[in-house]
Amino acid sequence: MDRVFLLYLNVFVVATCGLVYELLAGTLASYVLGDSVTQFSLVIGVYLSALGVGAWLSGYVESQLVRRFIEIEFAVALIGGLSAPLLFLAFGRVSPFQPVLFGMVFLIGILVGLELPLLMRIVQDKVAFKDLVSRVLALDYLGALLASVMFPLLLVPKLGLTRTSLLFGLLNAAVGLWATGLLRPMLTGSVLGLRVQGLFVVVVLVLALVQADTLTQLAEQELYADTIVHTQSTPYQRIVVTRGPAGFNLYLNGHLQFASVDEYRYHESLVHPAMILKGSPRRILVLGGGDGLALREILRWPSVRAVTLVDLDPGMTGLSATFPPLTELNRHAFADPRVQVVNQDAFLWAGKPSDAADDTAYDTAIIDFPDPSTYSVGKLYTTRFYRMLRARLTPDATVAVQCTSPLFARSTFWCIVRTLEASGFVVRPYHVPVPSFGVWGFALARQTPFDVPGESPISMPDGLRFLTAATLPGLFVFPTDLGPVPVEVNRLDNQVLVRYHDTEWSRFEGSY
Amino acid sequence: MPARPHRRELLLSFLGPAALAGLGGCDRRDVPLPPGTLVGTSVDLGHRLRDRRCPIIPTSQAWESCDTLIVGGGVAGFAAAWRLARAGVTDFQLWELESELGGTSRSGQSPTGGYPWGAHYIPAPMPENRLLVTLLTEMGIVEGHTTDGVPVIGEQFLCRDPQERVFFRGRWYEGLYLHIGASPEDIAQLTRFQHAVSSWANWRDGRGRRAFTIPMAVGSDDPTVTALDRLSMSDWLAQRQFTSPRLLWLVDYACRDDYGLRTEQTSAWAGLFYFASRLPNGSAEAEPLITWPEGNARLVHHLAKKVGSERVHTGWAVTDIHPVRTHGQEHLAVTALSQDGQRVRGVRARRVLFAAPQFLARYLIRPFREQPPAYLSSFAYGSWMVANLHLQDRPRGRGFPLAWDNVLYESPSLGYVVNTHQLGADHGPAVFTYYYPLTDADPRSARSRLLGTDRDSWADVILTDLAMAHPNIRAHTHQLDVMRWGHAMIRPTPGFIWGGDRPRAQQPFMGIHFAGADLSGLPLFEEALYHGVRAAEEVLQESGKLLNSWL
Ligand SMILES: Cc1cc2nc3c(=O)[nH]c(=O)nc-3n(C[C@H](O)[C@H](O)[C@H](O)COP(=O)(O)OP(=O)(O)OC[C@H]3O[C@@H](n4cnc5c(N)ncnc54)[C@H](O)[C@@H]3O)c2cc1C
Numbered sequence: 001m002d003r004v005f006l007l008y009l010n011v012f013v014v015a016t017c018g019l020v021y022e023l024l025a026g027t028l029a030s031y032v033l034g035d036s037v038t039q040f041s042l043v044i045g046v047y048l049s050a051l052g053v054g055a056w057l058s059g060y061v062e063s064q065l066v067r068r069f070i071e072i073e074f075a076v077a078l079i080g081g082l083s084a085p086l087l088f089l090a091f092g093r094v095s096p097f098q099p100v101l102f103g104m105v106f107l108i109g110i111l112v113g114l115e116l117p118l119l120m121r122i123v124q125d126k127v128a129f130k131d132l133v134s135r136v137l138a139l140d141y142l143g144a145l146l147a148s149v150m151f152p153l154l155l156v157p158k159l160g161l162t163r164t165s166l167l168f169g170l171l172n173a174a175v176g177l178w179a180t181g182l183l184r185p186m187l188t189g190s191v192l193g194l195r196v197q198g199l200f201v202v203v204v205l206v207l208a209l210v211q212a213d214t215l216t217q218l219a220e221q222e223l224y225a226d227t228i229v230h231t232q233s234t235p236y237q238r239i240v241v242t243r244g245p246a247g248f249n250l251y252l253n254g255h256l257q258f259a260s261v262d263e264y265r266y267h268e269s270l271v272h273p274a275m276i277l278k279g280s281p282r283r284i285l286v287l288g289g290g291d292g293l294a295l296r297e298i299l300r301w302p303s304v305r306a307v308t309l310v311d312l313d314p315g316m317t318g319l320s321a322t323f324p325p326l327t328e329l330n331r332h333a334f335a336d337p338r339v340q341v342v343n344q345d346a347f348l349w350a351g352k353p354s355d356a357a358d359d360t361a362y363d364t365a366i367i368d369f370p371d372p373s374t375y376s377v378g379k380l381y382t383t384r385f386y387r388m389l390r391a392r393l394t395p396d397a398t399v400a401v402q403c404t405s406p407l408f409a410r411s412t413f414w415c416i417v418r419t420l421e422a423s424g425f426v427v428r429p430y431h432v433p434v435p436s437f438g439v440w441g442f443a444l445a446r447q448t449p450f451d452v453p454g455e456s457p458i459s460m461p462d463g464l465r466f467l468t469a470a471t472l473p474g475l476f477v478f479p480t481d482l483g484p485v486p487v488e489v490n491r492l493d494n495q496v497l498v499r500y501h502d503t504e505w506s507r508f509e510g511s512y
Numbered sequence: 001m002p003a004r005p006h007r008r009e010l011l012l013s014f015l016g017p018a019a020l021a022g023l024g025g026c027d028r029r030d031v032p033l034p035p036g037t038l039v040g041t042s043v044d045l046g047h048r049l050r051d052r053r054c055p056i057i058p059t060s061q062a063w064e065s066c067d068t069l070i071v072g073g074g075v076a077g078f079a080a081a082w083r084l085a086r087a088g089v090t091d092f093q094l095w096e097l098e099s100e101l102g103g104t105s106r107s108g109q110s111p112t113g114g115y116p117w118g119a120h121y122i123p124a125p126m127p128e129n130r131l132l133v134t135l136l137t138e139m140g141i142v143e144g145h146t147t148d149g150v151p152v153i154g155e156q157f158l159c160r161d162p163q164e165r166v167f168f169r170g171r172w173y174e175g176l177y178l179h180i181g182a183s184p185e186d187i188a189q190l191t192r193f194q195h196a197v198s199s200w201a202n203w204r205d206g207r208g209r210r211a212f213t214i215p216m217a218v219g220s221d222d223p224t225v226t227a228l229d230r231l232s233m234s235d236w237l238a239q240r241q242f243t244s245p246r247l248l249w250l251v252d253y254a255c256r257d258d259y260g261l262r263t264e265q266t267s268a269w270a271g272l273f274y275f276a277s278r279l280p281n282g283s284a285e286a287e288p289l290i291t292w293p294e295g296n297a298r299l300v301h302h303l304a305k306k307v308g309s310e311r312v313h314t315g316w317a318v319t320d321i322h323p324v325r326t327h328g329q330e331h332l333a334v335t336a337l338s339q340d341g342q343r344v345r346g347v348r349a350r351r352v353l354f355a356a357p358q359f360l361a362r363y364l365i366r367p368f369r370e371q372p373p374a375y376l377s378s379f380a381y382g383s384w385m386v387a388n389l390h391l392q393d394r395p396r397g398r399g400f401p402l403a404w405d406n407v408l409y410e411s412p413s414l415g416y417v418v419n420t421h422q423l424g425a426d427h428g429p430a431v432f433t434y435y436y437p438l439t440d441a442d443p444r445s446a447r448s449r450l451l452g453t454d455r456d457s458w459a460d461v462i463l464t465d466l467a468m469a470h471p472n473i474r475a476h477t478h479q480l481d482v483m484r485w486g487h488a489m490i491r492p493t494p495g496f497i498w499g500g501d502r503p504r505a506q507q508p509f510m511g512i513h514f515a516g517a518d519l520s521g522l523p524l525f526e527e528a529l530y531h532g533v534r535a536a537e538e539v540l541q542e543s544g545k546l547l548n549s550w551l
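Protein chains in written order, with this note's numbering: chain Y, 1 to 512; chain G, 1 to 551.
It should be emphasised that the hints constitute simulated quantities derived from the structure, not laboratory data.
There could be a bad hint or two in this list.
[Unchecked claim] Here are the computed lysine-lysine pairs in the DSSO-like style, where the Cα-Cα straight-line distance is at most 30 Å: (1) Y:Lys352 <-> G:Lys305; (2) G:Lys545 <-> G:Lys305; (3) G:Lys545 <-> G:Lys306; (4) G:Lys545 <-> Y:Lys352.
Between the sequences and the hints, there should be enough to build the whole structure, so can you do that?
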């Protein structure tokens, strides 16, 4: 009786693990491929059909049922346990990704599908058939319930996908090893070989777990509220994409670059005022902005003939051009033939004398650098940089610069404005509420005096979700707590901006 | 790399016991030494000249003649040539022994850009430094003047922030003075020292001259100031009860950095000069630094461009300067040996502008060889090792990020400067120029230690030293070249600067005019520039071509 009860427990664990692998595959697929309804439907469909195939195949197992059962248990442990890390690794390396994904799901499904019928056959002569069927199926569904409740509430938020996958693999393997003792009387021959197999699986999974931890993926997870779906270390930065209930977030070196829920507010405000002020912009320069979201806004303008995007990191622009959630968000901007990507430090790019063929200067420049939190970024906000930039622009070109938050970092914001002015630009600062960032600031600049766009009739592209002609002039009005403060001008040889930024943002560091 | 038997002694002698203590954990001797070469000055040729082991007299066809021959293509030689060329003089030649121009201000070239082999910066000039302002204006580096006449330097030429950082017990900190963990007493002494320096910066003599100016010739020779030269810098500090270790370190670092001397070897005049000459009137902020990826070679190459290559002959070592009188005409017969030691040439010049270091005068000038003037023996030169490390990528380090000048608090080296800093290239390959002055009391023993240490041993010393701050430096370095400067720079030891021998050495001798930074007793670009131009103006004066002096 005791043994039978323990076997039921076995059924329960197997059922839980099986469903966890299925959920892992579905979640992972919707993280990296987007469109969660499709991904989940397909994964469930493939998984269920594979269960059926497994059950059918179990009919061909004639002898040594217990041995086969335990071997299959180890196989599930190994493949299911490694499924999430393997799929994460495969994504970005194997394309198309779908065959790998569904192949993996199908294989796990077959193995899990083999298990229950075999188990039922093992215990069939110890229990009455009606009891057997009712208990096994009840436990199977109960296991599924436990898995589906634990998965979103506990496993994903606390452990993340990779660790969940590996831990459940270990659980699977442990059950298999335990069964070698439990079912010993029913096993013919030696159990040593089986135990060695089991231990091997355990060792592999433990190693993977240790490795996963040292790969910082899991430790890093603690830093983010949402699940990490992609990480990448380039020579320049650490890129992290997370996925939460509200959408995607992109982080560079731990700093939020955008949240897909409200990035349109930021990018519309960054791009369109300069484009409107220019009127029929044709040759556009984008500095930074490797996520392609400013590009998306720029390409709304039919007058645009050519866009040059200068971003330091090929890893970033590459990801934005291929990672489905990003390409979806930037509307495949990198595939547009008008867009040319230059992967170089913008400071070096701007300082290099433009070659003779490139005699056409840019009429609009959109500057979307990260906040000046380091000296290597701070140099991109100096008078020297802005003067080099001027040499690359037409005399009537318009420029928009992201300037961090005038609320959280008021001196930083005004320092950028004053630095632009000291470099020969007329500047009109403006600000926009972006919920995931707070009040955000920008500067609109030109080499000659100008009126704020929107004060006279303007043309705007279709499909904007935030900006309107009527609200535009209001963005240029500053409430008292955002107003100018006395600041120094940022130069290469003083880098005051980095110091302002450091002092101002460090006040908020604790509250994150 | 198999451990050489004497490795411990090698590291002990160049890095001290601290380096050996640190060998345990972060020593990466299993990583082989990166390849590289010795790029030394032509030591061999130098010794041959000294011992007069070289061919003799050019055949009669190999003689040419010119009005003025400049010996030496360092800063002083090119400054002189520049001054002559700007005065419209064309009948001169410049002979330089190395194939590279620049002397101790020369540079090398790599895919990341140029990098220095010696001098690498100058402080921004004050308006009084007319010569340098003239030169920098010609180069487009001075872009204008403020309403008070202060030259405005183009932003891209001023050393980009962060300028310097210091490594102490496992971490980098911003700046040169070690602020972390400083006690109130330390800070009080630092402030007191800064006050002492600024009171010297604001001091004026009866004629309204500053105590310490660049170039020094414009400054005061009042006995109150020159008396400082009789004292060592450490005596000066001790007399004023400066005891704070980190302040003493800062001053010692300054002396090693500028003069290759310890505080106890440096004249207090020279020690204070370093700090006070850079402080503008009434300001607490020192003049910013001007630097280029290739260091001061930028300045030399500009001068050389203005002179024109047709008058410059590299790879020719002057072996003899012989004042002769034929047919009642006085001239100087100068002979030179080609670098490969195979060919000889001669020139009959009306004047020679001797822009090689003074210690060579007694080997090259025939009358001096026969009877060396006593004053020459007080010109003593220190030894330096300079290495260039070509890196695939920036090594990791903890704390404050990479700066232009990166100093190791606990090392006898001076740390390194980064050639890509001024370009604004903050990622990927770079060249680190590492400086190590040999501060032995006896310059000859320093020289023999310098030259007795081969490339591999130096490379081991350097990488072990840097591994303190960058454990992975060996793996990142793909080439490490070593320059051994036997006579790197003049040593401003107590009594030399105001002892009376310098002015004697500046006196023209039988048609030979002397230039070179060492005539100031201070190894600085501005001093070399000054003496080059001064000697050229002497020549112009004699030939009646000096319309107005630039000095
Ligand atoms: C490691 C190091 C770092 C330094 N850093 C700085 C710095 O940062 N800033 C600064 O201002 N100064 C610095 N200096 C000092 C620098 O030496 C001077 O600024 C200046 O370059 C000296 O120029 P010079 O022309 O007087 O002498 P040198 O540079 O010594 O030039 C003399 C020239 O004469 C040539 N010569 C010698 N013998 C003969 C011969 N027989 N025939 C033909 N030619 C001959 C030599 O090859 C050489 O080119 C540094 C020096 C060293 C060694």
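A quick look at each hint next to the structure:
1. Distance hint between lysine 352 of chain Y and lysine 305 of chain G is fulfilled; the C-alpha atoms sit about 22 Å from each other, no more than 30 Å.
2. For the suggested pair lysine 545 of chain G and lysine 305 of chain G, the alpha carbons sit about 22 Å apart, so the restraint of at most 30 Å is met.
3. For the proposed pair lysine 545 of chain G and lysine 306 of chain G, the alpha carbon gap of about 19 Å is at most 30 Å, so the pair holds.
4. In summary, the hint linking lysine 545 of chain G to lysine 352 of chain Y is not supported, as the alpha carbons are separated by about 43 Å, beyond the 30 Å threshold.
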